[in-house]
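A.B. asks: Sequence lines, in order, name chains A and B.
Take 2 as the starting number for the first sequence in my numbering and just add one per residue.
Take 2 as the starting number for the second sequence in my numbering and just add one per residue.
Please keep in mind that the hints were generated in silico from the structure rather than gathered at the bench.
Below, simulated DMTMM-like cross-link-like pairs (lysine to aspartate or glutamate); rule was C-alpha separation at most 20 Å, straight line:
#, chain 1, residue 1, chain 2, residue 2
1, B, 11, A, 115
2, A, 105, A, 115
3, B, 105, B, 78
4, B, 11, A, 120
5, A, 11, B, 115
6, B, 105, B, 75
7, A, 11, B, 128
8, A, 11, B, 118
9, B, 105, B, 34
10, A, 105, A, 34
11, B, 105, B, 115
12, B, 11, A, 128
13, A, 11, B, 120
14, B, 11, A, 118
15, A, 105, A, 78
16, A, 105, A, 75
Output of the computed footprint for chain B on chain A, the stretches with three or more beta carbons under 8 Å from beta carbons of chain B:
#, region
17, 16-29
18, 109-118
19, 122-133
20, 138-146
Ideal placement from N, C-alpha and C gives every residue a C-beta, glycine not left out.
There are 2 protein chains.
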Amino acid sequence: MDSPDPPRPKRTAFLLSQLGALASARFAERTRELGLTPSDAGVLRLLGRTPGLSQRSLADRLGAVPSRVVPLIDSLETRGLVARVRSSADRRNYELRLTAEGTKVLGALRGIAERHEAELLAPLTNEQSAQLGLLLARLASGHALDTDLHRDTSRE
Amino acid sequence: MDSPDPPRPKRTAFLLSQLGALASARFAERTRELGLTPSDAGVLRLLGRTPGLSQRSLADRLGAVPSRVVPLIDSLETRGLVARVRSSADRRNYELRLTAEGTKVLGALRGIAERHEAELLAPLTNEQSAQLGLLLARLASGHALDTDLHRDTSRE
DNA sequence: CAGAATCATTCAACAGGTGAATCATTTTAA
DNA sequence: TTAAAATGATTCACCTGTTGAATGATTCTG
Numbered sequence: 002m003d004s005p006d007p008p009r010p011k012r013t014a015f016l017l018s019q020l021g022a023l024a025s026a027r028f029a030e031r032t033r034e035l036g037l038t039p040s041d042a043g044v045l046r047l048l049g050r051t052p053g054l055s056q057r058s059l060a061d062r063l064g065a066v067p068s069r070v071v072p073l074i075d076s077l078e079t080r081g082l083v084a085r086v087r088s089s090a091d092r093r094n095y096e097l098r099l100t101a102e103g104t105k106v107l108g109a110l111r112g113i114a115e116r117h118e119a120e121l122l123a124p125l126t127n128e129q130s131a132q133l134g135l136l137l138a139r140l141a142s143g144h145a146l147d148t149d150l151h152r153d154t155s156r157e
Numbered sequence: 002m003d004s005p006d007p008p009r010p011k012r013t014a015f016l017l018s019q020l021g022a023l024a025s026a027r028f029a030e031r032t033r034e035l036g037l038t039p040s041d042a043g044v045l046r047l048l049g050r051t052p053g054l055s056q057r058s059l060a061d062r063l064g065a066v067p068s069r070v071v072p073l074i075d076s077l078e079t080r081g082l083v084a085r086v087r088s089s090a091d092r093r094n095y096e097l098r099l100t101a102e103g104t105k106v107l108g109a110l111r112g113i114a115e116r117h118e119a120e121l122l123a124p125l126t127n128e129q130s131a132q133l134g135l136l137l138a139r140l141a142s143g144h145a146l147d148t149d150l151h152r153d154t155s156r157e
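Please put together the full structure from these sequences, using the hints given.
C.D. replies: Take a look at the structure:
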């Protein structure tokens with residue numbers, strides 16, 4: 002037969018999928034040590050930056066459906082990381098906020114993200130990492146995968 | 002307060018996760034038009050390159066558990082894309098092979114992969130795409146995400 | 001004020017994936 | 001040669017993350 006394994010170049014798109022999955026899996030491992038899922042982490046990050054968000058707009062920014070957000074917040078509320086307060090302006094909404102404990106956990110999460118980044122980019126030099134960051138950013142903006150994930154058209 | 006949105010640089014690890022998820026989702030859309038899941042596509046690709054594989058070794062190379070492979074092959078066999086033949090050497094094993102139809106579908110799959118790659122890399126110049134390919138390959142090999150996914154230590 | 005829209009919630013359902021137990025077959029040891 | 005251990009395929013119950021439709025409360029529209 003032919004040579005069994007000429008060092009073939011592997012599609013870039015596949016590499017991207019695989020490395021993305023690897024990155025996600027590693028990050029999940031790290032957050033699990035804090036008792037959090039990646040979704041939990043996303044919620045905390047978003048509420049840290051934008052306190053008072055409603056569940057609806059949180060769902061939009063997460064790219065999730067509202068019914069999905071309910072058990073997510075339930076669990077974070079049970080653990081005392083997030084508080085639901087009825088909006089006085091519109092009593093249909095909750096205003097979601099981090100508790101003191103939640104803010105603390107968010108801090109730990111930032112540390113985790115830093116170590117995660119460092120571990121993932123370890124095989125590259127700083128220069129290469131910077132290059133990669135630029136290329137990926139260009140790719141992301143080219144595909145309307147924007148700054149924050151699903152910046153959508155509605156208000157709030 | 003602070004300025005609400007200084008165009009912050011976004012972690013490279015997060016970009017990687019997001020773009021990887023995007024790439025996977027887009028690829029899944031494409032394969033679905035052929036009536037295939039991404040797992041199906043992986044099986045066909047592997048059987049195209051290595052005919053006669055057993056379900057066990059297929060599971061190893063896919064990074065899946067054997068019980069997962071059963072319904073996967075069931076479905077491909079039902080659709081006439083893959084054939085199970087008992088190994089005469091060891092009647093516990095099947096020898097899995099693509100049918101003529103399966104080979105045809107594999108061809109279509111290659112076309113899809115090409116278009117997928119082109120679409121994904123569209124925002125970049127050819128030079129940038131090549132650069133990205135190199136950086137990702139370096140990253141993958143640095144993380145032992147090797148040529149084919151899980152080249153493992155056992156035989157066959 | 002009546003009807004439409006909106007937020008949060010529940011619920012049934014589904015896909016994908018996993019581990020334990022089982023059966024047939026092969027290998028190992030005695 | 002045979003008893004015991006190992007191996008491949010399969011079944012099964014189960015779990016997690018998700019989704020969409022229906023519901024109740026509240027607010028907006030005209």
